[in-house]
Amino acid sequence: MEHTSTLEKVLRGTAITLVILFFMFPIFWIFLMSFQTNETILRVPPSIVFDPTLSNYTALITGKLDTAAGTLEISFMKNLWNSLFLSAASVAVGLVLGVPAAYAFARLKFRGSEDIAFTLLSFRFAPPLLVLLPLTIYFQQIGLADTYLGLIWVYQLIVLPLILWIVRGYFEDIPADVEYAYRIAGHSWGATFRKIALPLAGPGIAAAGLLAFIFAWNNFVFALVLASADKQPVTVGALAFVTASGIQYGQVAAGIVLSILPTFALALYAQRYLVEGLSLGAVKG
Amino acid sequence: MSETMLRLENVDKFYGPIGKGVHAVRNINMDVAKGDIIALLGSSGCGKTSTLRMIAGFEETSRGKIFLSGREVHRLPPVKRHVAMAFEGYSLYPTVNVRDNIAFALKAAKLPEAEVASRVRDVAEMLEISDILDRMPNSISGGQQQRASLARALIRDADLHLLDEPMGQLEPQLRTLLRGRIKHFIKQRGLTAILVTHDQTEANALADRIAVMEGGVLQQYGSPAEIKERPANLFTGTFVGEPPMNVFPVTASTVGDKLHFDLEGGLDLAYASNAFAPDVREAILKRGRVMVGVRPYAVRRSEHGPAARVLTNQWLGDQSHIAAAFANGNLVLVEHDRARVGIGEEIRVELDPADLHVFDLESGKAISHGQELA
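Chains U and D supply the protein sequences, listed in that same order. Mind the numbering: the first sequence is residues 1 to 285 in UniProt numbering, read in order. Mind the numbering: the second sequence is residues 1 to 374 in UniProt numbering, read in order.
It should be emphasised that the hints constitute simulated quantities derived from the structure, not laboratory data. Glycine is no exception: its CB is placed at the ideal position from the N, C-alpha and C atoms. Be a bit skeptical, because a hint or two may be false.
Unchecked claim - Far from chain D, by Cβ distances over 12 Å, these chain U residues were calculated:
no.	residue
1	Leu7
2	Ala92
3	Ile214
As the list claims (entries may be wrong) - According to the in silico footprint, chain U covers these stretches of chain D (three or more CB under 8 Å from chain U):
no.	stretch
4	71 to 84
5	91 to 100
6	105 to 118
Produce the complete structure using the sequences and hints provided.
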């Protein structure tokens with residue numbers, strides 16, 4: 001691309017601008033909405049000139065939502081904490097279970113290994129609604145409904161296949177002979193896994209963990225059905241803004257801004273790993 | 001008889017279920033004496049690398065036993081076998097530089113730093129990689145990586161050193177130089193080494209004994225001279241030697257006091273009966289139809305003898321390779337002077353009975369080499 005003409009540069013610039021506008025505008029608009037009251041949001045025609053207010057954020061942080069019908073108690077901050085805890089714990093459990101499993105699938109040939117790996121992957125493309133009803137009944141019977149443990153367990157349906165398949169691809173990319181060389185130099189199987197395989201697959205594991213975190217964070221339907229208010233993450237908690245007296249668009253917008261901040265920050269921080277992970281791993285973007 | 005370092009006893013390797021999977025290594029029996037260099041020689045897929053990996057412990061033996069330094073090791077993990085290995089794919093640790101790669105095992109064994117440094121220096125000088133010790137593996141060439149990998153194996157104190165195609169990536173000049181140095185290095189330290197190669201020159205130059213493998217079967221195990229002069233079967237005879245041995249089927253019979261070999265295409269080789277020892281003659285005549293082999297260097301042009309028509313004549317700078325149509329097949333002969341024969345010209349060849357290798361037509365097993373029974 002050394003000889004790009006001016007025309008090409010202009011065209012490319014325009015195209016990129018359009019794409020950015022298309023994808024970033026909703027986020028930009030939500031950001032603006034989060035500083036407005038319902039009246040300014042809903043006026044026709046819409047305008048980007050308004051008196052900014054922090055009332056939406058105050059309501060979210062204090063947990064007191066003033067509506068036309070009176071003051072509502074909301075637990076947004078609790079939801080945010082739930083999201084953080086559920087996602088982080090799910091990813092932690094997913095990594096502990098998934099990384100050794102991915103290593104086994106990459107390195108060992110055993111009867112049915114491909115079938116097992118594929119079954120695990122199939123959890124990703126089965127619609128959650130398919131399993132929700134039986135899962136709800138089971139969970140109520142064994143006392144896992146409405147517990148963090150139960151939710152983290154169900155979240156493994158989301159994070160485990162993702163981690164398994166991305167990390168497996170990474171392990172497969174490491175030449176087995178490097179590990180053999182380490183083992184023959186007097187190290188056990190376990191030490192080889194820790195000192196050679198894990199560090200070399202590090203970027204992949206980081207990318208898989210990050211992606212799994214985002215997927216877990218964005219989950220809605222499992223938490224909606226299996227958890228009650230005090231265990232629900234923000235994705236479900238945002239439903240509280242649909243009140244008897246109308247939808248509180250301002251608070252919804254502020255809620256969205258607050259809830260995308262952690263994943264946004266995480267993604268920015270680890271962008272490099274994410275791109276590498278998606279382009280090298282088994283599961284391509 | 002020196003001490004046995006390695007013993008393979010009826011070793012079998014199946015990839016897949018025993019009896020059903022791919023039978024990569026078939027019932028190998030082999031003893032390696034301490035201090036010897038052994039070459040596993042064969043074409044790709046012959047089972048030589050599988051054998052090496054079973055000795056290292058990366059592949060399980062399907063059947064049979066492996067003894068190393070008197071210990072039964074075939075059930076042990078690699079870490080407990082006390083072997084060193086240089087890999088065909090180099091397999092350097094990508095996160096540390098060449099020096100640390102080479103010194104890795106010595107450092108892990110907590111050897112004094114000064115000793116580690118001096119040993120790294122010695123082996124690096126020997127392999128001409130002193131100048132790249134501080135580089136990272138991904139910044140050096142394939143040939144350099146291969147030498148670093150070889151250094152990492154040779155520096156170790158192990159019962160057995162396994163070298164998988166250790167010089168495949170090196171340029172010919174360097175290979176010739178390093179062959180000599182590596183052999184000296186191994187011998188000087190009294191190491192025992194097994195080298196996997198498909199390069200005959202390498203096997204001949206480095207090894208005390210060569211194990212020729214084909215189809216998972218150990219075809220012959222002997223010194224380079226034995227392999228060359230007394231090939232155990234048709235495969236070894238034609239596989240080892242460059243250009244390959246000429247072979248053709250003949251029907252043997254006695255007429256008067258002559259032993260006749262009737263070739264295909266109506267040709268006939270006639271020898272005085274006493275040109276062969278009685279037992280050799282008897283063994284050949286008992287079978288009637290046999291395979292006769294003769295090395296290209298041993299074929300001579302002469303005034304009489306069966307005729308051949310020249311197909312090509314190439315001067316390689318130090319020798320002539322002549323290929324000729326002969327007895328419904330081809331015959332190759334090598335001459336050390338520039339041969340003045342044109343394509344299409346008829347030549348006559350003489351085959352000295354002392355140079356003939358006779359093989360059983362069905363089994364391929366050698367019957368005789370010159371005057372001696374195989």
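> Looking at the structure, which of the earlier hints fail to hold?
Replying inline: none
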